[in-house]
Amino acid sequence: MDRETRDMLLETADRFFTERCGRDVVNGVEKGVWPADFWMEIEEMGLPLIAVAEERGGAGGTLADMLAILRLAGAHAVPVPLAETALANLLVSAAGGSAAAGPGTVALGATTLAGNRLGGTVARVPFASVVQRFVTVATAPDGPKVVVVAAGNATITNTPSHAGEPCGTVSFDNATCEFVGASPVGVERAYELGALMRAMQMAGAADKVLATVVEYCKQRAQFGRPISTFQAIQQMLAELASCVAATIASAEAAARDADEGGLADGGSFSIAAAKSQASDFAQRIAAIAHQSMGAMGFTHEHILHHYTRRLWVWRRDFGSETFWGEKIGTAYAKAGPQALWSALSASRYAA
Amino acid sequence: MSIPKLEFPPFHLPPEAEALREEVRGFLKATLPGIKTEDRFASWNTPSPDFSRALGKRGWIGITWPKRYGGSERSFLDRYVVTEELLGNSAPAGSHWVADRQSGPLLLRFGSEEQRQAVLPRITKGECYFSIGMSEPDSGSDLASVRTRAEPVPGGFRVNGTKVWTSGAHRNHYCIALVRTSGQHGDRHKGLSQILVDLKTPGVTIRPIINLAGRHDWNEVTFSDAFIPESCLIGNEGDGWLQVTSELAFERSGPERFLQNFYVLRELVRVLGRQPAKRAASVLGRLIARLWTLRQMSVAVAGMMQGGKSPAIEASLVKDLGTIYQQDLPEIARVLAESDATTEDDLADFLDIAQYATMMAPSYTIQGGTTQVLRGIVARGLGLR
Numbered sequence: 016m017d018r019e020t021r022d023m024l025l026e027t028a029d030r031f032f033t034e035r036c037g038r039d040v041v042n043g044v045e046k047g048v049w050p051a052d053f054w055m056e057i058e059e060m061g062l063p064l065i066a067v068a069e070e071r072g073g074a075g076g077t078l079a080d081m082l083a084i085l086r087l088a089g090a091h092a093v094p095v096p097l098a099e100t101a102l103a104n105l106l107v108s109a110a111g112g113s114a115a116a117g118p119g120t121v122a123l124g125a126t127t128l129a130g131n132r133l134g135g136t137v138a139r140v141p142f143a144s145v146v147q148r149f150v151t152v153a154t155a156p157d158g159p160k161v162v163v164v165a166a167g168n169a170t171i172t173n174t175p176s177h178a179g180e181p182c183g184t185v186s187f188d189n190a191t192c193e194f195v196g197a198s199p200v201g202v203e204r205a206y207e208l209g210a211l212m213r214a215m216q217m218a219g220a221a222d223k224v225l226a227t228v229v230e231y232c233k234q235r236a237q238f239g240r241p242i243s244t245f246q247a248i249q250q251m252l253a254e255l256a257s258c259v260a261a262t263i264a265s266a267e268a269a270a271r272d273a274d275e276g277g278l279a280d281g282g283s284f285s286i287a288a289a290k291s292q293a294s295d296f297a298q299r300i301a302a303i304a305h306q307s308m309g310a311m312g313f314t315h316e317h318i319l320h321h322y323t324r325r326l327w328v329w330r331r332d333f334g335s336e337t338f339w340g341e342k343i344g345t346a347y348a349k350a351g352p353q354a355l356w357s358a359l360s361a362s363r364y365a366a
Numbered sequence: 101m102s103i104p105k106l107e108f109p110p111f112h113l114p115p116e117a118e119a120l121r122e123e124v125r126g127f128l129k130a131t132l133p134g135i136k137t138e139d140r141f142a143s144w145n146t147p148s149p150d151f152s153r154a155l156g157k158r159g160w161i162g163i164t165w166p167k168r169y170g171g172s173e174r175s176f177l178d179r180y181v182v183t184e185e186l187l188g189n190s191a192p193a194g195s196h197w198v199a200d201r202q203s204g205p206l207l208l209r210f211g212s213e214e215q216r217q218a219v220l221p222r223i224t225k226g227e228c229y230f231s232i233g234m235s236e237p238d239s240g241s242d243l244a245s246v247r248t249r250a251e252p253v254p255g256g257f258r259v260n261g262t263k264v265w266t267s268g269a270h271r272n273h274y275c276i277a278l279v280r281t282s283g284q285h286g287d288r289h290k291g292l293s294q295i296l297v298d299l300k301t302p303g304v305t306i307r308p309i310i311n312l313a314g315r316h317d318w319n320e321v322t323f324s325d326a327f328i329p330e331s332c333l334i335g336n337e338g339d340g341w342l343q344v345t346s347e348l349a350f351e352r353s354g355p356e357r358f359l360q361n362f363y364v365l366r367e368l369v370r371v372l373g374r375q376p377a378k379r380a381a382s383v384l385g386r387l388i389a390r391l392w393t394l395r396q397m398s399v400a401v402a403g404m405m406q407g408g409k410s411p412a413i414e415a416s417l418v419k420d421l422g423t424i425y426q427q428d429l430p431e432i433a434r435v436l437a438e439s440d441a442t443t444e445d446d447l448a449d450f451l452d453i454a455q456y457a458t459m460m461a462p463s464y465t466i467q468g469g470t471t472q473v474l475r476g477i478v479a480r481g482l483g484l485r
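Chain order of the listed sequences is P and Z. Counting in the working numbering, the first sequence runs without a single skipped number right up to 366 at its last residue. Counting in the working numbering, the second sequence runs without a single skipped number right up to 485 at its last residue.
The set of hints was computed from the structure by calculation and includes no laboratory data. Among the hints, a few may not be true.
[Claimed, not checked] Now the stretches of chain Z that chain P is said to cover, found in silico as 3 or more residues with beta-carbon under 8 Å:
| hint | region |
| --- | --- |
| 1 | 195 to 207 |
| 2 | 223 to 230 |
| 3 | 332 to 340 |
| 4 | 389 to 400 |
| 5 | 414 to 423 |
Each residue gets a CB set at the ideal place from its N, CA and C atoms; glycine is no exception.
Extracted from the complex, chain P is given alone in its bound form (with noise of 0.2 Å):
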């Protein structure tokens, strides 16, 4: 779509997710109520069909648009399979499937495909309690494929994650498919993609945190004035900019990237990076707000936990700065310190 309408869409949801998803419905999430409204409501709105083609009963946008709508469901916390969905109608349908309704998720991980029955156990997949179908990337005899397998015919076990959503194990044992099709990525592009989902969520959820703190800061009166005129604290919220500033920075560029090489293989290196990055600075961002904030931003009541817990969960999905890392620093120390500056300068792995 273009710039015009993506913003349009961008403020359209902003509102909607600042009016419909409120601390109420993120605290409800936690403590296991499923918000049915507010899923109908953005299913409504078509944004987990966002990257879905026209033809196939989706909005038509670009990688970049769906990236661009998930970086604002982090800037709210949106504790619903949101960007998990976006990203498996993605697959499903770029595997030439058809987009379903209803919550879903994608469980990426060492998949089999076998006679048209799904094998494999993936662990810590967002929301697998909570979605009607699990989106995954098989390895098969004749390459990869997209599978989609309805949450039925999986074993689930529930373990909520750390920042109070639904996550889980899932089993597949031999699992019948709703839907095979050739899969336009590979195992380890599908694992990428979710990094690069997750880097963006993190991009808005720490935009999100910057924002929170300082109008507390300005807010917040100790020995008669407020706290945000003491040099100690704007220090430290300058370097908080800082690092939100880099998790922002490193995200768009990567998305970007993604989006101009083409679904199969773009932005390979600006994802890993980007990912590397913004997990690397999550810690310093949490801890940041949490020593400006002091008590009140350690309570459950303060919403400032929607943002951090995630933060610090999202930094571990898809992929630490470790994992990451190691991925980016064994291609260049192979590639050797003469290969290292083009390299870096063309934001690609060295070859």
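Following the hints, complete the assembly by docking chain Z onto the known chain P.
Just chain Z now, kept in the frame of chain P:
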């Protein structure tokens, strides 16, 4: 919420800039092998008139300036690429660095035609070098407190005072000095001007200030009744503060804020060998990811500037993150090399390099605005003060 959005719109350097990159690489490949390795490590702190002249011959100094002053009238983004290639390849760009980045643009913006004619063509040839005369013994971060006085006398000014940390004054041709031309010390920003000082002027004395690494980059420049002709006043009397603040903006988010000690990363890759262990690869990869991020941010700021915006906060954030990365790099690299270097000999060489880098590192977060001053600027941008 009313805080300004921090945005770094991803930006592609245009094809003509990328084509220039290849040209610059070809030039450096042919030119650099003749230069001693240890000289290359300080890059923009390493002077080499020969190198600067060769670069000038290619038209790559003052690349954005009008042709009538010897420039090439190319874009700011072309300059960006030349700069990052010089740093990425550890070229000894120290002789012309300040003139190209700061003094020339200042004269183009505020200088008289006579001043421009006198120096700009020589700068672009790589023959004329500049120092910055801002800091004084009692004026560091608080520049408005400068005491050096230029008293109007017939035909010019009589200058008295002392400038410090004046990089390269002992080998450069000119210094642009921030001085008080009217009013009193307490007048702060008012009554300050900048003057173009020929460093051979009688009454100007240059003494070395050796830094902790034993290098002679800095100087103390003393003015004792030095006569500076009226024609050397830059712009209008009293505009000095406006000039220095716009000058500092030139130098905030460029690639020198994160590529100054790039050689440490390159040598780290060498010392770890082609198949590092998992943990070593991971630490290396995280450093590379950090540097990549900084470059994306810096390029985004360059793109915004090219588009006519003045992203002051974003530029300050790049310097803050970039200089701290450069301080972290030698430490992380040293510890990693000690556990994961492939051979003892390589390790010993690398530790010497890392030690040197460590000794240079304190300067990064001081020069061009300390981290704390920058964070104050960012805090103001966030609406905190």
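Against the structure, the hints come out as follows:
1. 195 to 207: violated (count 0)
2. 223 to 230: Our answer is that it is violated, as 0 residues pass the Cβ test (under 8 Å) against chain P, missing three.
3. 332 to 340: violated (count 0)
4. 389 to 400: The restraint on the region 389 to 400 of chain Z holds, since 10 of its residues have a Cβ under 8 Å from chain P and three suffice.
5. 414 to 423: Check passed, 4 qualifying residues.
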